[in-house]
Amino acid sequence: MSAAQATASRAHPAGEGAGWGPGEVRLNVEQASYAYAGEREAPLFTLEATSFQARQRELVAILGPNASGKSTLLRLISGALAPLSGRVELDGAETNRLDPRTRARRIAVVQQESSLLFPARAWEYVLQGRHPYRRALRFETAEDLAIATNALAQVGAEALQDRWMDKISGGEKQRVILARALAQQPVLLLLDEPTLHLDIGAQVELLQRLRQLAQENRYTVVVVTHELNLAAEFADQVVLLHRGRSLRVGSPAEVYRQDLLEQVFEAPLEVEIGPAGRPRVIVQGNRSEDAGG
Amino acid sequence: MNFRQTNGEARRSSPGEQARARPLVRPYTGFCTLAIVALTASGARAQGASPRPAATAPPVQQITDEIGRRVSVPQPVRRIVSLAPSLTETLYALAAQERLAGVTDYCDYPPEAQAKPKVGGAVNPNLEQVVALKPDLVLATRSINRRETVQALDRLGIAAYVTDPRSVEAVLASIGRLAEVIGAREASEALVAELRTRLAELKRQLGARQPRRVLFVVWAEPLISIGRETFLADALRWAGAESVVETSQDWPRLSLEEVVRLQPDYLVFASTHSQAEGQNFEAFRDRPGWRNLEAIRQRHIAVVSEAINRPAPRLVDAIVELARQLHPEAFPEKPETRNSNGETGMSEKTATPEREECCQCAR
Amino acid sequence: MRPVTLKRLAWSCGLLLAVLLAVVLVALKLGAVPLSVSDLALNLGRVAIGRSAQLPSEYRLIIFELRLPRILLGILVGAALSVAGAGFQALLRNPLADPYVLGVSSGAALGAIVSLVAAPHLTTLGPLVTPAAAFLGAALTIAAVYLLGRRGGQLDGGTLLLAGIITASFLSAVIMFLMTTLSGRDLRGMAFWLMGDLSTPPPPSTLVRSVFVGGILIAVGAIYTTAADLNLLLTGEREAMHLGVQVTRVKLVVYIAASMLTGLAVSVSGAIGYVGLLVPHAMRLLFGPDYRLLIPTSALGGAIAVVLADTLARTIAAPTELPVGAMTAMAGAPVFIYLLRRRLR
Numbered sequence: 001m002s003a004a005q006a007t008a009s010r011a012h013p014a015g016e017g018a019g020w021g022p023g024e025v026r027l028n029v030e031q032a033s034y035a036y037a038g039e040r041e042a043p044l045f046t047l048e049a050t051s052f053q054a055r056q057r058e059l060v061a062i063l064g065p066n067a068s069g070k071s072t073l074l075r076l077i078s079g080a081l082a083p084l085s086g087r088v089e090l091d092g093a094e095t096n097r098l099d100p101r102t103r104a105r106r107i108a109v110v111q112q113e114s115s116l117l118f119p120a121r122a123w124e125y126v127l128q129g130r131h132p133y134r135r136a137l138r139f140e141t142a143e144d145l146a147i148a149t150n151a152l153a154q155v156g157a158e159a160l161q162d163r164w165m166d167k168i169s170g171g172e173k174q175r176v177i178l179a180r181a182l183a184q185q186p187v188l189l190l191l192d193e194p195t196l197h198l199d200i201g202a203q204v205e206l207l208q209r210l211r212q213l214a215q216e217n218r219y220t221v222v223v224v225t226h227e228l229n230l231a232a233e234f235a236d237q238v239v240l241l242h243r244g245r246s247l248r249v250g251s252p253a254e255v256y257r258q259d260l261l262e263q264v265f266e267a268p269l270e271v272e273i274g275p276a277g278r279p280r281v282i283v284q285g286n287r288s289e290d291a292g293g
Numbered sequence: 001m002n003f004r005q006t007n008g009e010a011r012r013s014s015p016g017e018q019a020r021a022r023p024l025v026r027p028y029t030g031f032c033t034l035a036i037v038a039l040t041a042s043g044a045r046a047q048g049a050s051p052r053p054a055a056t057a058p059p060v061q062q063i064t065d066e067i068g069r070r071v072s073v074p075q076p077v078r079r080i081v082s083l084a085p086s087l088t089e090t091l092y093a094l095a096a097q098e099r100l101a102g103v104t105d106y107c108d109y110p111p112e113a114q115a116k117p118k119v120g121g122a123v124n125p126n127l128e129q130v131v132a133l134k135p136d137l138v139l140a141t142r143s144i145n146r147r148e149t150v151q152a153l154d155r156l157g158i159a160a161y162v163t164d165p166r167s168v169e170a171v172l173a174s175i176g177r178l179a180e181v182i183g184a185r186e187a188s189e190a191l192v193a194e195l196r197t198r199l200a201e202l203k204r205q206l207g208a209r210q211p212r213r214v215l216f217v218v219w220a221e222p223l224i225s226i227g228r229e230t231f232l233a234d235a236l237r238w239a240g241a242e243s244v245v246e247t248s249q250d251w252p253r254l255s256l257e258e259v260v261r262l263q264p265d266y267l268v269f270a271s272t273h274s275q276a277e278g279q280n281f282e283a284f285r286d287r288p289g290w291r292n293l294e295a296i297r298q299r300h301i302a303v304v305s306e307a308i309n310r311p312a313p314r315l316v317d318a319i320v321e322l323a324r325q326l327h328p329e330a331f332p333e334k335p336e337t338r339n340s341n342g343e344t345g346m347s348e349k350t351a352t353p354e355r356e357e358c359c360q361c362a363r
Numbered sequence: 001m002r003p004v005t006l007k008r009l010a011w012s013c014g015l016l017l018a019v020l021l022a023v024v025l026v027a028l029k030l031g032a033v034p035l036s037v038s039d040l041a042l043n044l045g046r047v048a049i050g051r052s053a054q055l056p057s058e059y060r061l062i063i064f065e066l067r068l069p070r071i072l073l074g075i076l077v078g079a080a081l082s083v084a085g086a087g088f089q090a091l092l093r094n095p096l097a098d099p100y101v102l103g104v105s106s107g108a109a110l111g112a113i114v115s116l117v118a119a120p121h122l123t124t125l126g127p128l129v130t131p132a133a134a135f136l137g138a139a140l141t142i143a144a145v146y147l148l149g150r151r152g153g154q155l156d157g158g159t160l161l162l163a164g165i166i167t168a169s170f171l172s173a174v175i176m177f178l179m180t181t182l183s184g185r186d187l188r189g190m191a192f193w194l195m196g197d198l199s200t201p202p203p204p205s206t207l208v209r210s211v212f213v214g215g216i217l218i219a220v221g222a223i224y225t226t227a228a229d230l231n232l233l234l235t236g237e238r239e240a241m242h243l244g245v246q247v248t249r250v251k252l253v254v255y256i257a258a259s260m261l262t263g264l265a266v267s268v269s270g271a272i273g274y275v276g277l278l279v280p281h282a283m284r285l286l287f288g289p290d291y292r293l294l295i296p297t298s299a300l301g302g303a304i305a306v307v308l309a310d311t312l313a314r315t316i317a318a319p320t321e322l323p324v325g326a327m328t329a330m331a332g333a334p335v336f337i338y339l340l341r342r343r344l345r
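Chains as they are written, first to last, in my numbering: chain A, 1 to 293; chain B, 1 to 363; chain C, 1 to 345.
Possibly wrong hints are sitting among the right ones.
To be verified - Computed, partial: chain A to chain C, Cβ under 7 Å:
{"hint": "1", "residue": "36"}
{"hint": "2", "residue": "93"}
{"hint": "3", "residue": "96"}
{"hint": "4", "residue": "109"}
{"hint": "5", "residue": "117"}
{"hint": "6", "residue": "123"}
{"hint": "7", "residue": "128"}
{"hint": "8", "residue": "142"}
{"hint": "9", "residue": "146"}
{"hint": "10", "residue": "164"}
No lab work stands behind these hints: they were computed from the structure.
Note that the Cβ used here is the ideal one computed from N, Cα and C, for glycine as well.
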């Protein structure tokens, strides 16, 4: 172990939830709702009162079709929006009441894309994650650099350190973006449709890594997605949204009922239980074709 | 590997490390900053220092120039810089050219003036050149020179005298006053007297004739004429003409329509040669707008030398020249004429009501 | 990894300061009246040891009353415009933003002209009215361009530039109109406002000069405190917010400070163009895009650029003086086109 790692592991007393599996509750979403001011043509959009809790080391999937309010819920959790009613608390503090700096030390939001105006190298990008810890008018310390390097290592992108962000592939970029979030040393990690532009291999790899990071770094991870099988395979908890309402909250096995899923996704679906006990969703072909069922 | 460290227990870089990171380059940066600051500070100090060694302050004469500024002119005036062609001419006429240290690029009369050191244009003279010539006095006019130039000269502690004659009489008075300032009074008295005599003679010759209605064209495209408060307007009156343009702006830009409405009897142009070639006039004659002017159709064009533009002694020559063209019948005899370029010769002009004069209309 | 450290900052600034010193010395030497290096050294030496009274009077005049004030003004104006340009580029997330291109300089000029026209009625407020009016003109213009440059509620790069260019030309037209119809007044002339001129230092009143210098220093300092935040702002406002940047506050600070810098610079030297575009880009190429380096290096680089441009302007066609804005435009416009094409590719 390096000196930094040794120091780090000594910093945490064994009493803090040692071992694997979800720890104590960190994120508490209690009857949180939201409504956007209506624009001329778009109808008033609401997220009706939604509740769930997420624990340390847990991966929660917010699942639903497009325009079901998933992103809105995520923004409420991230503190970017203030709930119209109800509350969103992280370790007891309301997320939208936190000042941006404190919030950035606890909550990291992983973007889908990086939009850089001027070309930057991967390490520069990741180093931006240290901004919430920066002292005024000071530059990054050696410790910041070590943390950034660690973050890149944790996502398996150490080799990409000196590469230009606009020259690496989508999957590689996704990892660097994730590394930046890790550099923030958050408690809560939020991702909005992270698998959108990735191929299936990269999707699986990402979610595996997220689970692993959740365990190792004791994060609470909340992922917004509409990928049914990925959510089923990797999530500890699923929040099923449909048109702004949360229909069901629970483990994948509890949430993945055929009637519910068919209602939400408006497609002929079949649910079976896989070998590990996790549900698997199969899209049924043309109903008229399998006459025998 | 456990990635989590709470910030409070994080290892900080030791003061020793930070000190080592502070580079030797610091003194180097400091030196450069210091150098620039020192330069500036000493500059400020130098500005604050007294302009000359206190022991001998040269005598000055306090005068007020023609735009009301109080000027301290050092005596005697040994070196003069002129910022306007008219002032250069006047200095030569006052036989003060020995003391003329610098002129503008446009000071072309008399031709010897072009050999003098140049300071740039009249509108934008180069102050460094002016300063380098070490003038006791700088001469400027309100109409050609800019206020900023005079203000800059004030700031530099160089005496600047500004003239602003608004009539022919004022031009003569201005010449006289200028001569007083530079200490050439005797020369001016004779000069001014002669000019006054010629003007009086002209007035007599013109008698009670009706003044011609004229348009004085400073520039053809765009069409620029003169306002009523300029000395040019007064010069026209002396020449038996009246400008049709009624405005207090000094150099009004006119529309051709307006001129067509006014229908002046004559168009007056200033050019460097009184005997102008004919090619431009023909081109002019057919242009829209211009061809609607009676003056063009009847070829009532008068061309006088550039001297009419300058409030200098030659102005009178130009006035006489213009009068001869506008009222030829008032000058039946054919004396030795001296045209405005200083050439003498027998006049070939006959008293014809129409004149085939062409114009080099663009300056 | 080559992160920005204090050491790097000090080295870059040190280097630029050395270049600036050299440029200042060259500028002192050159001019319509050439000074030999030995003469210059001798005279500067005399001044440095406090024997300035021994200087030949015309040297003293030329160096200290004509050239040095001009050079110092160039340093301040160059620094102000470059930092304003860097600020606008971050604020509007557009690398082609520049006070001149966006019409902010013209707005400042118009504000100053209006205050000069209305001056008789405002004399009680003293000589600070003009810079204040210029600041107001600058601030209003950038706000207008920002609002016009949005498309579907979002800032759009191309629309923004277009809005800026149109605003610039509209305001220039208004300035020309005022200059022509109010030609009798002491309004400094069209060439001054539209093309810049460093030959007239601010009035010798200590108040005005300290406000001018102090204002520029304060505004540059204010932008510098947001430098790290600006780095993040460039990646997007939402991302920056999630990384702990107080986006609204930072934008406000940069907006006010950059407008102040433009207003101060223009009120005293007219609209010198393209400095805010060229210098930050050159500094990015040389020292990297981190704003914690970019702000100080742009300030120094801008000083160098304007003093160079002004020296060229007054020596190339000696004894005639060209407007300094003509020099910067001749250098700036081709670079602007090149950058534009690179972006569109």
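Would the stated hint for residue 142/A survive a check requiring a Cβ distance to chain C of less than 7 Å?
-> 9 Å, violated
Mind checking the CB of residue 117/A against every CB in chain C and telling me if the closest is under 7 Å?
-> Status holds, d = 5 Å.
Chain C contact restraint for residue 109/A - C-beta distance below 7 Å = 4 Å, holds
Return the status of the interface hint for residue 93/A: holds when the least beta-carbon distance to chain C is below 7 Å, violated otherwise.
-> Because about 15 Å separates residue 93/A from the closest Cβ in chain C, which is outside the 7 Å limit, the hint is violated.
Double-check residue 164/A for me: the hint is only fine if its C-beta lies closer than 7 Å to a C-beta in chain C.
-> Given a least distance of 12 Å, the restraint on residue 164/A is violated.
Would the stated hint for residue 96/A survive a check requiring a Cβ distance to chain C of less than 7 Å?
-> Not OK, violated: residue 96/A not within 7 Å of chain C, min 12 Å.
Taking the closest Cβ pair, is residue 128/A under 7 Å from chain C?
-> At 6 Å from the nearest chain C Cβ, residue 128/A passes the 7 Å test, so the hint holds.
Would the stated hint for residue 146/A survive a check requiring a Cβ distance to chain C of less than 7 Å?
-> Violated, about 11 Å.
Identify whether the interface hint at residue 36/A stands, where standing means a beta carbon of chain C within less than 7 Å of its own.
-> Constraint on residue 36/A not satisfied, violated at 13 Å.
With a cut-off of 7 Å on the beta carbons, see whether residue 123/A makes it to chain C.
-> 5 Å, holds
Figure legend: structure checked against the earlier numbered hints; hints not met, in rising order: 1, 2, 3, 8, 9 and 10.
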